[in-house]
Structures are given as structure tokens and as C-alpha cells.
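Colleague: So the chains spell out like this:
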Amino acid sequence: MNLRKPGFLAAIALFALLFTSCIKDAPLNPEADIDSFIVDKKYLSGDVFIDQANAKVLLYLKKNAYDSGIVPRIVVTPGATINPPAGDTLRFDSTSLQQYTVTSQSGKYHKVYTIEVVNIGTWAWDFEQWVIQPTSKYLYPIEPDSSQIWSSGNPGVSLAGVPKDPAAYPLRDTTEAYHGNYSAVLETRGGTTLSGIMGIKLFAGSLYLGVFDSKYAITQPLAATQFGQPYLGRAARFTGYYKYNPGATYQNKAGKPVPGVIDSCSIYAVLYRGTTRLDGTNIHTSDRIVAVAQLPDGSARGNFTRFDLPFVYKPNAITSGSMMMAIVISSSQNGDKYEGAIGSRLLVDSLKIIHE
Amino acid sequence: MNRIYKRLTVLFLIISVAGSLRAQDSTTTFKPFLEHRIIAGFNFGGTAPVGLPNTIRAIKGYWPEFTPALGYELSLRATRKWGAAVGVKLDFKGMGTKDEVMYFPTVITVKDGSSTGTFEGTFTGKNKTIVRNAYVTFPVSAVFTPNDNWRFSLGGYFSWKFSSNFYGTVSDGYIRNGGPTGEKIIVDEASFDFGRDVRKFDAGLQGGAERRVGKRLSVIGNLSWGLKPVFPNEFKGLDFPLYNIYMMLGVSYKI
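Residue numbers (the working numbering), protein chains in the order written: chain A, 1 to 356; chain B, 357 to 611.
If you are wondering where the hints come from, they were derived from the structure by calculation, not from laboratory data. Do not rely on the hints blindly, as some may be mistaken.
As the list claims (entries may be wrong) - With a straight-line cut-off of 20 angstroms between C-alpha atoms, the simulated DMTMM-like cross-links for lysine to aspartate or glutamate are:
no., chain 1, residue 1, chain 2, residue 2
1, A, Lys164, B, Asp468
2, A, Lys215, B, Glu476
3, A, Lys108, B, Glu476
4, A, Lys24, B, Glu476
5, A, Lys215, B, Glu545
6, A, Lys137, B, Asp468
7, A, Lys164, B, Glu590
8, B, Lys416, A, Asp25
9, B, Lys467, A, Asp165
Stated by the list, open to error - Reference listing, derived: stretches of chain A covered by chain B, where coverage requires no fewer than 3 residues with Cβ under 8 angstroms from a Cβ of chain B:
no., segment
10, 161 to 174
11, 186 to 197
12, 213 to 219
Said to hold, decoys possible - Among chain B residues calculated to face chain A with C-beta under 8 angstroms, some are:
no., residue
13, Glu391
14, Gly407
15, Tyr459
16, Val466
17, Gly473
18, Asn533
19, Gly534
20, Thr537
21, Lys540
22, Val543
Virtual Cβ for every residue (Gly too), placed ideally from N, Cα, C.
Construct all of the structure, not just a fragment, from the sequences and the given hints.
Modeller: Below you can see the structure in the form of C-alpha cells.
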């Protein structure tokens, strides 16, 4: 048989063309990140954290930094430019907003980073002020000076395609308060179709002192929840009020109901050494842990109930040098393993760390 | 859609012109007659963009899926050389591809019960996509038969999709939540499935050539070029349209 006909050859050549060539020039880089923000360790009480979701550089400074200012070394996305230039000294003697504008190589995108100096004055929280994340629409509590020291799993949940509505997220505010007008409510929610693909059938409500590193949200979710804020000295007690109602049906990681198991909440504080945060993978096991204060019984409480937990120090614990304090609260105790009961609802208010 | 109707109208004009040419041939004793054919073959090609967008940086692999085509064609030889044909066929169109993309925009709609959410972002990394769609196709053609050995056809087709697969993985890269300035999230491997979003109908142009190799048997090659994007306009999983562009290679048997 004879197929040597121009039509066939032309068609085959056309496919070859469509699928092998026609690769156009690479697009100019549209990204405009501050990839790293390097500050001399002697100025830091905690590692610098770049909150990429909210375009903030969080600095935890020692007193000497306020006196001398710092000259950060800033690395941006290849091809991008930064203004003011990275070599300039950052001073902290005024309250004016300090911002860096990064412009992408393509020139089309700008990202404005705000420098936020985190300084925890009082280790007590009433969760009265909440702000809404502009793009994903989840809530997070802020301090009276507007700085952000609490985080949650909400930034991770936002990647699962939940509706862009504060009520769709596990952590939000509620007027059902013990003290003041608001308290924090943590509610265990069902996963989405998209999270199900990743094997996540449940999102426990969480609230913790620390930051959420989105980079690891999919590959290593437990490493994304980074617990702790710089702390000075020894803590004596962790106190507060909570109210808890476990959801109806406890489910395992596969999403299958487990009869006879009732969900419980978890509330604890961990004091540890160092300036680098512990995360969901090592918050219970790290040898840097100095002391732990933990709610012993996470069962249901119909009304706001006070807790007063002593910090139990490890024998011979060293409490000098740089320390960090983590508070970790979850509406499902095994939420880090994606187990719990959908609908488990935990309210917390008037939390306090009492210094020794 | 209008464009397709216009093209189909043009096609019918061709067919009627072909019919009117009969008059010239009728000096000899030609009588119009019907022919029936069974057509079987495989579709090779792609569900592909026409011109690759610059977000696709490299094609690392391409393979055809198991995509048979089986159908029946009824043709009317109106004159000695001209005629028209209609057909119906079971038409599988599919392929697999591996590629590398950069800053590739995607919007994934997530429906859970009554709530609808979206995830929007730009992905940089590796992609593997497998497409396998099954259609019932109705081709309509003008047919030119210059001699006993060759037969050429040109026309349009209309397809109804009865099953669709469009799935794959993204890996070894990162996605940015919301767009290029959103936070970067590392992706080692994640799967996607847009099968449910594939449009119910497809329509386009088709044409081919047939070479007789036996008393009733011919080999056939037929190119079909979809003019409707396989995803509806409201679908934002990919930011460029894909078209079904397939070459069927097979045999036809005159019955």
C-alpha cells in the first residue's frame, strides 16, 4: 500500500510541529518576593520570619538593635528590584511605617512588605481585635499595637479552596466572650474535595503563638505551624478560660467514624531554649524544651471554665540565654493527625502567662 | 459556535454545487447510488493549544492513549466524481503528555455540598496530563472520487461527549496562592482532575483521503480539527483554550 501522499505527510509534520517546537521565549519573572532578610544574630531575640501571605517581615529585636538600628541583607526574587535599596539602615526610633517595595523583573507586579517589630509587652490576651486577611478572608487576632503574634491553621485551610468567608475557617472571633466583647472560637471542620486529594479529611481549629510558614503547607503541614515567640526568664503559670463542646462523631484520618471515642480539646504552653521555632513535628519531643504547662483533661465544659496550669520544669533545666514561649490550642487533640470530630467547638478567652 | 454553523453552511453549499455538477456528467449513463462503509481506526493527535503559550517551557514527553474510532458511513455518489457522505462513529480522542511549566495560572473550583470555594494560583514545575474523551461523532462531508483507487472528503463534524477523562499530576515545583505575588507553597506531587469540566459537545472541520487496497477494503486517513475549546469559557483551570486535533488512521470496508 502506498501512503506517500502529501496530505498524510503534512498532517504528521503538523503534529510534530505542534508538540515539539513552538516553545516561546521564557516569560519575564512576574514574582516579587523578599526571599530572605538577614540580620546579624546579635540583634535578634528570635529568628526573622517573612510572612509571605501578608507581606510582612517580622523582627524580634534585642535592645541594642533599637539603639543602633540594623543594616539587613535582603535577597529578592532573581531579576526583581527593591526600594529603598537593601544597604540602607533600618532605624526603630520612630513609629513611622517602614516598607520595602519589590518590583518584579517583568515590571508588572509589586509587593509591598511592611517591617513589623514584634515586641510582646504583656503576656495576656483577651482577643478583642481581629483583622481579616485581604485575599483569603480569614481572621486572625492582633495585639493592641497591631502586631501579629498569634497564628493558626487558617492560612493552610485557605489553600484547600474553602469559600472566601471568615465563617468558613476553623478559627475566628465570636461575641460569646468570657471577658470583653470577643473571644476566640476554634471549630473542627470537614476537609474539602481538594484537601481530600492530599489525604486531609478534617481541619482542627487551632490557635497558637507563632507563625504559619506557607511554604510547607502541602508537603509538610506540621512543619508549617511554627510555635513560639521570644520570652525572657522563667514562667510560673498559664491561666485562662475555656468552654468546649466536642462534635458528634469522632473520625480517623481516613474519615471513617470511630464509635465510642469522644473528641477532646488540647491547651498547652511550652517554654524552650533557642531563637528558632519548634513546630508541629517536634513541639512535644525537642530536647530544647525546658518546661510544659498542659491542660490535663480536655473533655466537655458547658460554661466558661478557668484553667490554671503550672509550668512543670525539667530537672536541671537551663533557663538563661534566648528562650521562646509557645502556646498551642486545638479544638481536636489529635488534629495534627487529622483525627477528631467535625463540629468540635472550643472557645478561649483571657489567656495569661504568669512570670515567675 | 456561529463560526461553525457558517462553515457547515459553506459545506452544504459545496455539496449542492457538487449535486448540480451532475448535469454535466449526465451525458453518459451515470445513475446516482448509495454506498455503505464500516470505518475502523485509531486517533492520533492532541487535545492541545494552537500555538503553545509561553508558560509552557518544555515538552518532555508525548504518547497516544488507546483511542479507537469505529463507525458507519453512508454516502451518496451523486455524479461520477462527486458525492456527499454522513456518518456516525464512536470516537475516542486522547493522549498523554509530560511538560514543564512556569508561572502557569490556574483556578480550581471546589464544590463541597452547598458551598463553593476556589483555589487560584500560579504553578511552576512539572506537569503530566492524560486526556481520554469518548464522543459520538457525526461527520458530514463532500466527497470527491477522481478514480477507482482514491477518494477524498472534506467537511465538518459534530460530536457529543459521553465520557471524559482529563487528569494528571503537578510535581517538583511550587504554586503561588492567588497569583505571582502570593505566598509560595512547595508542591512535591499533587493530582488534579478536570474530567467533569470537559464540554459536552465538540464541533469542527474534518477531511481525509482513502486509498483502495482491496476489492472492498481501503486505508484511510482523516484529520479532524476541533473549533470549540474542549473546556467551556468559564473554566479557568488552564488559561488558554485546548482543541481536539486528531488524525484517524485506519481502514474502511465497503459493504
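Colleague: Would you mind marking each hint as holding or not holding in the structure?
Modeller: Evaluation of the provided hints:
1. A:Lys164 - B:Asp468: Since the Cα atoms of lysine 164 of chain A and aspartate 468 of chain B sit roughly 14 angstroms apart, the hinted pair holds (cutoff 20 angstroms).
2. A:Lys215 - B:Glu476: Holds. Lysine 215 of chain A to glutamate 476 of chain B sits at ~16 angstroms (cutoff 20 angstroms).
3. A:Lys108 - B:Glu476: holds, 18 angstroms
4. A:Lys24 - B:Glu476: The hint is violated at about 24 angstroms.
5. A:Lys215 - B:Glu545: holds, 14 angstroms
6. A:Lys137 - B:Asp468: Distance of about 18 angstroms is within 20 angstroms: holds.
7. A:Lys164 - B:Glu590: holds, 19 angstroms
8. B:Lys416 - A:Asp25: Satisfied, since the Cα-Cα distance of roughly 17 angstroms is no more than 20 angstroms.
9. B:Lys467 - A:Asp165: holds, 15 angstroms
10. 161 to 174: holds (count 5)
11. 186 to 197: With 5 residues close enough to chain B, the hint holds.
12. 213 to 219: holds (count 6)
13. Glu391: Because about 21 angstroms separates glutamate 391 of chain B from the closest Cβ in chain A, which is outside the 8 angstroms limit, the hint is violated.
14. Gly407: It holds, given that the least Cβ distance between glycine 407 of chain B and chain A is near 6 angstroms, below 8 angstroms.
15. Tyr459: The hint holds - tyrosine 459 of chain B has a Cβ within 8 angstroms of chain A, the shortest such distance being about 6 angstroms.
16. Val466: OK, holds: valine 466 of chain B within 8 angstroms of chain A, min 3 angstroms.
17. Gly473: holds, 4 angstroms
18. Asn533: At 6 angstroms from the nearest chain A Cβ, asparagine 533 of chain B passes the 8 angstroms test, so the hint holds.
19. Gly534: It holds, given that the least Cβ distance between glycine 534 of chain B and chain A is near 5 angstroms, below 8 angstroms.
20. Thr537: holds, 5 angstroms
21. Lys540: Check passed: Cβ of lysine 540 of chain B comes within 6 angstroms of chain A, closer than 8 angstroms.
22. Val543: Result: holds, 6 angstroms to nearest chain A Cβ.
Hint compliance for this structure: hints 4 and 13 are not met, and every other hint is.
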